[in-house]
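For our numbering, count along the sequence shown from 1 and bump the result up by 5.
Careful, some of the hints might be misleading.
Listed below are the simulated DSS-like cross-link pairs for lysine-lysine, each with C-alpha atoms no more than 30 Å apart in a straight line [unchecked claim]:
1) 43 - 29
2) 127 - 141
3) 199 - 146
4) 27 - 43
5) 206 - 271
6) 146 - 127
7) 199 - 271
8) 199 - 127
Hints listed in this document are in silico derivations from the structure and should not be mistaken for laboratory results. Model, not experiment: these values are computed from the prediction.
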Amino acid sequence: MTDSYGDDAAIVSGMLQQLGQKSKFIPSAVGDDDLGRKVTATVSGLGIPVDVRIDSSVDTVAELSISDPSGARTYFYQRTPELMATLDSADLSPLDDASFLYVDWYDGDHILRAMESAAQSKIPVFMNLESQYLNKEVLAKFAPYTDVCQVSVDQPESNYDMESISSILLHSGISTALITGGSDGSLAVNSSQKVRITAPKVGVVDGNGAGSCFSASYIYGSLRGWNLERCSRFATAQASLKCRTPGYQVTSVVEGERIADTLQTKVDYHN
6 MTDSYGDDAA IVSGMLQQLG QKSKFIPSAV GDDDLGRKVT ATVSGLGIPV DVRIDSSVDT
66 VAELSISDPS GARTYFYQRT PELMATLDSA DLSPLDDASF LYVDWYDGDH ILRAMESAAQ
126 SKIPVFMNLE SQYLNKEVLA KFAPYTDVCQ VSVDQPESNY DMESISSILL HSGISTALIT
186 GGSDGSLAVN SSQKVRITAP KVGVVDGNGA GSCFSASYIY GSLRGWNLER CSRFATAQAS
246 LKCRTPGYQV TSVVEGERIA DTLQTKVDYH N
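Could you build all of it, start to finish, from the sequences and the hints given here?
Take a look at the structure:
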C-alpha cells in the first residue's frame, strides 16, 4: 500500500525532478489539518518549487492506492468540490517561463484557465485522459487546447484497440496520441507516423505511478528535441522499469535509455 501525496500531476512533477528536468507544480490548496501538513512536508521534500496554500475552509483529501505484483491497482479517494475549486485561484505565474504544461482530465473545468493561458503563450499542453477517449463532452472541452494526449487501455473492460483510439484522438484535433497498454506496450501516433513499442518484461512489484512515469519520461524527451520514436521508446522503458519498485521512484536516465534501445519497435509512415 502506498499513501499518496497527490494526483498524477504532482507525481509527474516529482518524477521530472528525479530525471533532472526542472518542473514547477500548480497545486490546489490543502486544509489546515494533519493531512495538509503531511502533504506539504512530502511535496517540499521532493525538491519541487511549489507554494502550497493552506486554506482553513477546506479539508485535505486522503488517497489510498493499493497495488499488487499482478499489476492490479485500486484507489480509495473522495474528491470534494470545495477543494477542487481552490484551483480556480491558483497562481499561474509558473507558466511565464514554462516549456510544457501537464494536466489531468479529471480536474475538470478547473484546468481550463491554465490550458487557455498556455495556448495563448503557445506552450504545448500534455493531457492525461486515462480511459475517457469515448467521452465526447470531455474531448470537445479539452481537445482544442491539447497537443499531446495520453490514454490508458490496460483496463480489462476496454473494447477498443490502440489504433482505433489514436484515430479518435487525432480526429478530435489533438496532434499526438499516446496509448499505453501495460504489458502490451504502447502506440504513439501523429499526423505522419505510427510508432508501436513492445514493453520489456519486468518483475512487477508496484504498477502504481507507471502511467505518470510514462508521461514524465515522454515530456523529458520532448523537451530535448527527441523524435516521436525516441520519446516513445524512453517512456515505455521507464514506465515498465518503474513497476519493479514500490512508490514513485524513477530509474536513472542512463538505464532507461539503455533499455529503450533494446525494445522491439515498428514504425509506419503515413500522410
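Results for each hint:
Of the supplied pair hints, the one linking residue 43 and residue 29 holds, its CA atoms being roughly 19 Å apart against a limit of 30 Å. A hinted pair counts as satisfied when its Cα atoms are at most 30 Å apart, and residue 127 with residue 141 qualifies at roughly 25 Å. Of the pairs offered as hints, the one joining residue 199 and residue 146 holds, with about 26 Å between alpha carbons and a cut-off of 30 Å not exceeded. The suggested pairing of residue 27 with residue 43 holds, with an alpha-carbon distance near 23 Å, which does not exceed 30 Å.
Of the supplied pair hints, the one linking residue 206 and residue 271 holds, its CA atoms being roughly 18 Å apart against a limit of 30 Å. With a C-alpha separation of about 18 Å, the suggested pairing of residue 146 with residue 127 holds against the 30 Å cut-off. Taken as a hint, the residue 199 and residue 271 pair is honoured in the structure, with Cα atoms around 8 Å apart against an allowance of 30 Å. Between residue 199 and residue 127, the direct Cα distance comes to roughly 25 Å. Compliance with the 30 Å bound is thereby established for this hinted pair.
In summary, the structure agrees with every hint in the numbered list given earlier.
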